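> Protein chains in written order, with the working numbering: chain A, 1 to 295; chain B, 1 to 297.
FYI, nobody ran anything at the bench for these hints, they're computed from the structure. Given the structure is predicted, the values throughout are model-derived calculations rather than measurements. All residues carry an ideal CB built from backbone N, CA and C; glycine is no exception. Heads up, a few of these hints could be off.
Unchecked claim - Derived list of chain A stretches under chain B, where covered just means 3 residues or more per stretch with a C-beta under 8 Å from a C-beta of chain B:
{"#": "1", "region": "113 to 123"}
{"#": "2", "region": "255 to 267"}
Stated by the list, open to error - Computed list of lysine to any residue pairs in SDA-like fashion (alpha-carbon distance at most 25 Å, straight line):
{"#": "3", "chain 1": "B", "residue 1": "K145", "chain 2": "B", "residue 2": "V30"}
{"#": "4", "chain 1": "B", "residue 1": "K183", "chain 2": "A", "residue 2": "I117"}
{"#": "5", "chain 1": "A", "residue 1": "K238", "chain 2": "A", "residue 2": "T269"}
{"#": "6", "chain 1": "B", "residue 1": "K223", "chain 2": "B", "residue 2": "T151"}
{"#": "7", "chain 1": "B", "residue 1": "K183", "chain 2": "A", "residue 2": "Q85"}
{"#": "8", "chain 1": "B", "residue 1": "K223", "chain 2": "B", "residue 2": "L152"}
{"#": "9", "chain 1": "B", "residue 1": "K68", "chain 2": "A", "residue 2": "Q107"}
{"#": "10", "chain 1": "B", "residue 1": "K68", "chain 2": "B", "residue 2": "T275"}
{"#": "11", "chain 1": "B", "residue 1": "K183", "chain 2": "A", "residue 2": "E126"}
{"#": "12", "chain 1": "B", "residue 1": "K183", "chain 2": "A", "residue 2": "G118"}
{"#": "13", "chain 1": "B", "residue 1": "K183", "chain 2": "A", "residue 2": "K221"}
{"#": "14", "chain 1": "A", "residue 1": "K65", "chain 2": "B", "residue 2": "A290"}
{"#": "15", "chain 1": "A", "residue 1": "K80", "chain 2": "B", "residue 2": "I172"}
{"#": "16", "chain 1": "A", "residue 1": "K65", "chain 2": "A", "residue 2": "A227"}
{"#": "17", "chain 1": "A", "residue 1": "K65", "chain 2": "B", "residue 2": "I172"}
{"#": "18", "chain 1": "B", "residue 1": "K230", "chain 2": "B", "residue 2": "T134"}
{"#": "19", "chain 1": "A", "residue 1": "K238", "chain 2": "A", "residue 2": "V259"}
{"#": "20", "chain 1": "B", "residue 1": "K183", "chain 2": "A", "residue 2": "M108"}
{"#": "21", "chain 1": "A", "residue 1": "K80", "chain 2": "A", "residue 2": "M108"}
{"#": "22", "chain 1": "A", "residue 1": "K221", "chain 2": "A", "residue 2": "L240"}
{"#": "23", "chain 1": "B", "residue 1": "K68", "chain 2": "B", "residue 2": "L54"}
{"#": "24", "chain 1": "B", "residue 1": "K230", "chain 2": "B", "residue 2": "I21"}
{"#": "25", "chain 1": "B", "residue 1": "K183", "chain 2": "A", "residue 2": "D172"}
{"#": "26", "chain 1": "B", "residue 1": "K183", "chain 2": "A", "residue 2": "Q107"}
{"#": "27", "chain 1": "B", "residue 1": "K183", "chain 2": "B", "residue 2": "F194"}
{"#": "28", "chain 1": "B", "residue 1": "K183", "chain 2": "A", "residue 2": "I72"}
As the list claims (entries may be wrong) - The calculated label-pair distances, taken between Cβ atoms and stated as ranges, are:
{"#": "29", "chain 1": "B", "residue 1": "Q206", "chain 2": "A", "residue 2": "G118", "range": "36 to 44 Å"}
{"#": "30", "chain 1": "B", "residue 1": "R204", "chain 2": "A", "residue 2": "A229", "range": "39 to 47 Å"}
{"#": "31", "chain 1": "A", "residue 1": "F150", "chain 2": "B", "residue 2": "K147", "range": "37 to 45 Å"}
{"#": "32", "chain 1": "A", "residue 1": "N26", "chain 2": "B", "residue 2": "F217", "range": "55 to 63 Å"}
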Amino acid sequence: MAETIQGQGGLAIDVRQARYVYPSGNVVALGGVDLAVEHGEIIGIIGQNGSGKTTLTKLFNGLLKPTSGSVIINGIDTAKRTVQQMAPHVGYVFQNPNHQLFARTVQMELEFGPRNIGVPEDQIAERVAEAVEFFGLQEFVEEHPYRVSFPVRKLVGIASIVAMRPPIIIFDEPSTGQDHNTTHIINGLMRRLREQGTTVVCVSHDMPLLADVVERVIVMKSTEIIADASPREVFADKALMARTNLQAPQVTEIALETVVPLGGPVALTTEELAADIASRAGSKSKTSRSSATVR
Amino acid sequence: MSMQAALPIAMIPGNSIIHRINPLAKLVWVVGYVVLAFSTQNIIILYSMAAFALLLAPIAGVTRPLLKGALILVPVGSSLLALQIIAPAVERPWTIVDQLGPLSLYGDGVYYGFVLLGRIVASLLLALIMVMTTHPSDLFTSFAKLKVPYTLNFMLAMTLQLIPVFQREVGIIMSAQKSRGMKGSGFSAVLPSFVPVFVGAIERVQQLSISLESRGFGSNGIKTSYRQVKGRPSDWVIGIIGVLVVAYLSTISIMRGTWSLATEITFSPLFVLVTFLVAASLFACVVLAAVLFSFKK
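Generate the whole structure from the sequences, applying the supplied hints.
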């Protein structure tokens, strides 16, 4: 029963011509989407509200079943499985942690998921301890989940999913309502999860966050995927950004206006842009200011 | 999880005569229907009331949703009739009209079963028509004219409006917990889903009260409503007719000792048998369907 973090070979996410039409009425929420994600990839999904991002991710863990087409996750066809059966394979971190916390202590909250998917008791303790360590929740273990601050609650929500050790984790708007510091922590967590071999899918409107973390961006518009490329390519495509009413990170826009015409990089982070500017300035006066401005 | 999951019984927008009647006049009729239904045992009156209510449905343009809402009567009605026939809620002696295996079917139960059913059908149909043709705000505006305290009125209105919000919330929470492998049924599912719902409800109400106060809720002065409700002469006429008819018929019923026609109307054994079989099998089907549905989930 206990799944290892490594996948079972093949693709992590294999969506073919998936369509989803809401049963009540004729609202098409997803119109024939193809998507292949390798194990260990870290991808971002962007698009305006109503473009089908959430519908697509809900197909991944079987909360929704495709009206037509197929969704194969970790080698398993979601159409024949319940959400509970998919839970060991796909973790889904909901936007609002208040929607899932209920236990008396953070510890018990973290134990809920692994116990549900049938992890043996001794391994539950081990997994929970690891998740606590990973998220730095040591001082909150005995606290009531609703007594801790909102950012910590968010981390508890994520930790409760990570403790189940799913090979694929979906984050729905992880940075909404979070301060800069927590966003930074969540950023780091996604990167570390990925280093451990977890496939990470992040749905977000937070372009700087995605530019910083993901290696591949899926752009959705009107229920379809219209672009699938590296963040550098996507954010450099002004026409695409305009067409989808999305805005590239400010630093990328500045880079596009300034250093890119001079042969500089399409910067995704302030550090990158600063380094390029510094190297250009440095050719005139060789000061070590660059590292000072970067931090 | 459909986003349009509103209440199964909600207002159907429209501009029919029934929609335009003053909410209070309609309320008089609904209350009158309940009073009359429970003061008489005359099935002719009861089923005339139900027929009258059904007649109003096409005028209001709510026939389909009304019949859909009235589906709740199938389990209620079928169990009521079946049980009354084998165990009447009237004084003994009972007269056995037929025998079905170990079960004795009593004639007295048939009449009384139809009375009970008639009461529910008549009251429910008219109440449903009222709910389906009245905007909640109009009802509360009318209450305000009756000098019902504004705060109380507002609480009632808010409670109704929060129901769909909570329904949606429950949907999200169930999805979140199922994603963590929660088994979607049984007692073990109660705690993980209801704690977040209640905590969310309390937080929402707290926020709502703050936002209300910041917009001057509870300040002095006369409250006006965005929606205006008129009390036209026709509304008065409808209301007064309702009161008079109900008063007249219920007074006669009470004076005649519930005006029961049980002795006048007798049912043939075949009719009793068929009624029992239909009612019992309908109820069995409903129970079976419910069980199968819960297993499928």
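> None of the hints should be skipped; say for each whether it holds.
Hint by hint, here is what the structure shows:
1. 113 to 123: Result for this restraint: holds, n = 3.
2. 255 to 267: violated (count 0)
3. B:K145 - B:V30: 19 Å, holds
4. B:K183 - A:I117: Holds, at about 10 Å.
5. A:K238 - A:T269: 18 Å, holds
6. B:K223 - B:T151: 11 Å, holds
7. B:K183 - A:Q85: Holds - the C-alpha atoms of Q85 (chain A) and K183 (chain B) are around 10 Å apart, at most 25 Å.
8. B:K223 - B:L152: 13 Å, holds
9. B:K68 - A:Q107: 47 Å, violated
10. B:K68 - B:T275: 23 Å, holds
11. B:K183 - A:E126: Within the cut-off at roughly 23 Å; holds.
12. B:K183 - A:G118: 12 Å, holds
13. B:K183 - A:K221: 35 Å, violated
14. A:K65 - B:A290: 24 Å, holds
15. A:K80 - B:I172: Since the Cα atoms of K80 (chain A) and I172 (chain B) sit roughly 22 Å apart, the hinted pair holds (cutoff 25 Å).
16. A:K65 - A:A227: 24 Å, holds
17. A:K65 - B:I172: Cα-Cα ~16 Å, so holds.
18. B:K230 - B:T134: 13 Å, holds
19. A:K238 - A:V259: At roughly 16 Å apart (the allowed maximum being 25 Å), V259 (chain A) and K238 (chain A) satisfy the hint.
20. B:K183 - A:M108: With Cα atoms ~17 Å apart, K183 (chain B) and M108 (chain A) stay inside 25 Å; holds.
21. A:K80 - A:M108: 31 Å, violated
22. A:K221 - A:L240: Holds - the C-alpha atoms of L240 (chain A) and K221 (chain A) are around 10 Å apart, at most 25 Å.
23. B:K68 - B:L54: 13 Å, holds
24. B:K230 - B:I21: 9 Å, holds
25. B:K183 - A:D172: 22 Å, holds
26. B:K183 - A:Q107: 20 Å, holds
27. B:K183 - B:F194: Roughly 14 Å separates the two Cα atoms, so the pair holds.
28. B:K183 - A:I72: With a Cα-Cα distance of about 22 Å, the restraint between K183 (chain B) and I72 (chain A) holds, given a limit of 25 Å.
29. B:Q206 - A:G118: 36 to 44 Å: 38 Å, holds
30. B:R204 - A:A229: 39 to 47 Å: 41 Å, holds
31. A:F150 - B:K147: 37 to 45 Å: 44 Å, holds
32. A:N26 - B:F217: 55 to 63 Å: 41 Å, violated
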